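Enquirer: All chains, full assembly: derive it from the sequences and hints.
There are 2 protein chains.
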Amino acid sequence: MPPAKLQVVPLGGLGEFGMNCMALRSGDDIIVIDAGLMFPEAELLGVDIVVPDITYLLENRAQVRAIVLTHGHEDHIGGLPWILSEINVPVYGTEFTLAYVEDKLEEHGLLDDSDLREIRPGERFTIGVFTVDPIQVTHSLVDCVALAIHTPVGVVIHTGDFKVDPTPTDNRLFDLHAFANYGKAGVLALFQDSTNVERKGYTPSERAVWRKFDEVFARTRQRLFISCFSSSIHRIKLAIELAYDHGRKVALVGRSMADSAEIAADLGYIEIPDGLLIHPGEIRNFPPEKVCVMISGTQGEPMSALSRAAVDNHKHAKIEAGDTVVLSSRIIPGNEKAIYRMIDHLFRREAHVIYEDGSSSPVHVSGHASQEELKLIINLVKPRFFIPVHGEYRQLKRHAELAGAMHGAVGQVVLIESGDVLEFDELGARKVARVPVGRVCIDSGSRTDVVEDLVIRDRRHLSEDGIVLPIIAINKLTGRVESVPEIVTRGFAAGENGFLDHARQIVLGTLEVSSDEEKADYGVIKEKIRQDLKRFIVKNTARRPLIMPVILEI
Amino acid sequence: MPPAKLQVVPLGGLGEFGMNCMALRSGDDIIVIDAGLMFPEAELLGVDIVVPDITYLLENRAQVRAIVLTHGHEDHIGGLPWILSEINVPVYGTEFTLAYVEDKLEEHGLLDDSDLREIRPGERFTIGVFTVDPIQVTHSLVDCVALAIHTPVGVVIHTGDFKVDPTPTDNRLFDLHAFANYGKAGVLALFQDSTNVERKGYTPSERAVWRKFDEVFARTRQRLFISCFSSSIHRIKLAIELAYDHGRKVALVGRSMADSAEIAADLGYIEIPDGLLIHPGEIRNFPPEKVCVMISGTQGEPMSALSRAAVDNHKHAKIEAGDTVVLSSRIIPGNEKAIYRMIDHLFRREAHVIYEDGSSSPVHVSGHASQEELKLIINLVKPRFFIPVHGEYRQLKRHAELAGAMHGAVGQVVLIESGDVLEFDELGARKVARVPVGRVCIDSGSRTDVVEDLVIRDRRHLSEDGIVLPIIAINKLTGRVESVPEIVTRGFAAGENGFLDHARQIVLGTLEVSSDEEKADYGVIKEKIRQDLKRFIVKNTARRPLIMPVILEI
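As you go down the protein sequences, you meet chains A and W in turn. In this text, residue positions in the first sequence follow the working numbering: the first is 1, and each later residue adds one. In this text, residue positions in the second sequence follow the working numbering: the first is 555, and each later residue adds one.
If you are wondering where the hints come from, they were derived from the structure by calculation, not from laboratory data. Don't take each hint at face value.
[Claimed, not checked] Part of the chain W face toward chain A, derived, beta carbon under 7 Å: (1) E890; (2) I908; (3) E910; (4) D911; (5) Y947; (6) K951; (7) R1034; (8) S1037; (9) L1054.
All figures in this text were calculated on a predicted structure; none of them were measured in a lab. We put the CB at the ideal spot given by N, CA and C, even for glycine.
Expert: Right, dumping it as structure tokens:
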């Protein structure tokens, strides 16, 4: 029997933000931790989501045994429809995580064919050579786990996303003891969340927003609107408890908010007293001071309930002068303009708007561990190898530096990125190979349409300088040009009137100086026209539209 | 003689960020305060800058006497080339401001025809019925002024951009006494900068970064790169002084950095000891610990010197493992991804990168007054009317609330936005009319090319879903269709192979069921083809490309 080995292969999330996905392989068994998506950058025009390239999994299809999820955020589960439609394996997750997954798979018509398996913190299960022990952790979402994975070469721990919240609203504590026990017994490797490595100190508890929320409830004389991420179950729970205490009915407005609250209530994460919830259509039947509206759309998404309410375009959520609106979330970079535009509209409606302006006690706290929490877990686990995960390169690097300075607690720090194959055996660990990784761009028009890079490049080009199409009709029998070339433009300001005429002359000129052989070879003649026209256009407009000669055979 | 009146007409910057521009009219005299630009939002595809609509000025062309500038930042002077090319009037500004203006007008070939007039703090000048008194203020730039304007109905004060910096690096103090004297004598209206109204307390002095800079100089063992906005003259001055103290030569890399430092040195704002400056080409001739490189490109602009150095693509600025890079600027919203991408590259080069991560003493401070400074000026000036300027709507509103609570110091607060005409007379002030305002989008390909809304809309459409062009050749004599329709697509993923064939059949089908009269009317037949093809494409791809039928007469 060959000596035991473990290969760890991050397929996404190491060196980039989002689409977390990591494969573990030992012998003939591969398990995958998380299957996330990434929201595209604005420059990926028309792309709706981005998922990891799973060539590695497809090439080792026969060995892939399962996907194990740490929690239900999109950057950990959002790639599932895409991945399961390529390679349908069992999916393990906690009750709450699977509830989100079910919704998602249902939406994509994949639920019936999926094999979802519920796991519980502290209850070990086996997949091939691996035994997986889910450990309860705290985060901005509920029912999240880290994974301690027993492998033939030792135990590795993957933290998933976490913070060490001493007072979670659901009272399900971070299981420090499990980390301590593994640390005592000996851990081969710790893979830890790097998201907030740049922040000093401790991340505040989810309960830290209670004080501000309570103050807002106490001071608000009219309608109170609270918006948060629909997955912020802790936040929804606090708001519902406070609404009850302050004698306000609660309406859930926006599909994601209503769905998420329903799941959380079904699973016992939120207790909703009888008669507290009202239908959005009933809001107008209650005095303003008796209503709290939980509404989705913190990021200023144009079609969200809050964005529509802000411009008085929502059927049920009417915001009036003197109402209060709380935005209980962070501003995701890239969304500033949309969010502030929405806030401006709320101000114009003369609402009191409470948002993160750095000037008050927090209405939002982060879900990720800051430096002191990261060090705490490292000290508990004392891994032989430490590997930062979940972060852009600078975050991985800073996390590596942080752990590298903890000499008594960490044997060796290894910095790897998506695509690196890190191999562990009895002698140690080393990078042994690279596998193909990358971003796969999905157009959500159809459910899993991959957009090719070429199409995105064209779109970018089109979006910046527009398009110019010289169209020439050529008689396929005689090779004669049968018409004056037509020049069609779009997204391109052609300038003064004579411009297009002049461009037509350029094309005619190119045709005249070309031989019959050139004209018969459409590739050659198209390229000649493109070159000549490009020179003319750049010189006269200083712009570089996409120029695409079209030859019509008649 | 009719009773005296003053009309104040903001043309930009009130209710939007940037393109500050405000007209003052009394009788037959109009003066304009500032002529700024706005950097376009990403959704204005291919637009380089945005300037205010100056229809109001053009319609009153004969009355416009001058433009008076408060300082040299782009959001106050950047619209000048566009405005002067439409309406060439004298431009008043301080020495330093005019130096920036000259550069800009030269670049646009407008300098020779411009009439630039230098002003000095404390030296009054007269334009028509107005007497203007420039008051020295402090800001992130140097040689900035507020304007006290004596009008037939009283004195109005426009603060321009400012903070109250008690220790500016150039020792040119904020002229509190001038504000106090006007306050004692009586001020009709105060127009005050709202940019930082959301911040409590005081904005730190430009000197506040000295401590961190000094520490960095003391600790850096290799090359030191410092990047800041090229207009951060205070920052450049500090860095040059510290470089001298710590025995490092200084190289200025990047055109804007070199130009700006040269202007500041010429005008005496920076003293550069003999022999301190070296040419970028000389960097390699000095030991790393003897060099400080001031480099432009804090915002991750792809072609900037720092972005290129970060990917080892700059001729002179080579960043090596162990070098230190300081980003001494804020992250302008919208630029996060580009900036962090650049920082990631710097980390990959194993540079020490010092940036605003919220975890250290500041390497950057704001140039705008926080709440306590705003209140200080209001208390000094005690205006009858207070009007917030320079801000998005929420900022104007919060500034109005701040001033509205200062009962002893402010008579009345008036909230106006761009386009409102605010009229003052002996009885008081009121909004009397609206004038046309808006954003004019400029493509910098040619120097003042206005991009029409339609073109931008097309570009957005193209960028999201691409373009599909069915092309049909029709014999203009017989009306017969002379070829199988060609379908050209771009930026559009056509899906499986048969798709285009199928689309061709759709177009042929439309042609077949159309009468000869319809086919003779190209408008009708194009629209029918567009409709049919659109239905087919939406159904089969769920996308909505721009569909543009082209008919070629042969």
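Enquirer: Are the hints correct? Go through all of them and say.
Expert: Cross-check of the supplied hints:
Here the hint on E890 of chain W is kept, as its CB sits about 4 Å from the closest CB of chain A, short of 7 Å. Checking I908 of chain W against chain A by beta carbon gives a least distance of about 12 Å; that is not within 7 Å, so the hint is violated. Against a cut-off of 7 Å between C-beta atoms, the interface hint on E910 of chain W is violated, since the closest Cβ of chain A lies about 10 Å away. Taken as an interface hint, D911 of chain W checks out: its beta carbon lies about 4 Å from the nearest beta carbon of chain A, inside 7 Å.
Checking Y947 of chain W against chain A by beta carbon gives a least distance of about 4 Å; that is within 7 Å, so the hint holds. Annotation: K951 of chain W was flagged as interfacial toward chain A, and the flag holds, the nearest CB pair being 5 Å apart, inside 7 Å. The restraint placing R1034 of chain W at the interface with chain A is violated, with a minimum CB-CB distance near 10 Å, outside the 7 Å limit. Annotation: interface hint on S1037 of chain W holds; nearest CB of chain A at approximately 4 Å, less than 7 Å.
Annotation: L1054 of chain W was flagged as interfacial toward chain A, and the flag is violated, the nearest CB pair being 14 Å apart, outside 7 Å.
Violated hints, in rising order: 2, 3, 7, 9; the structure is consistent with all others.
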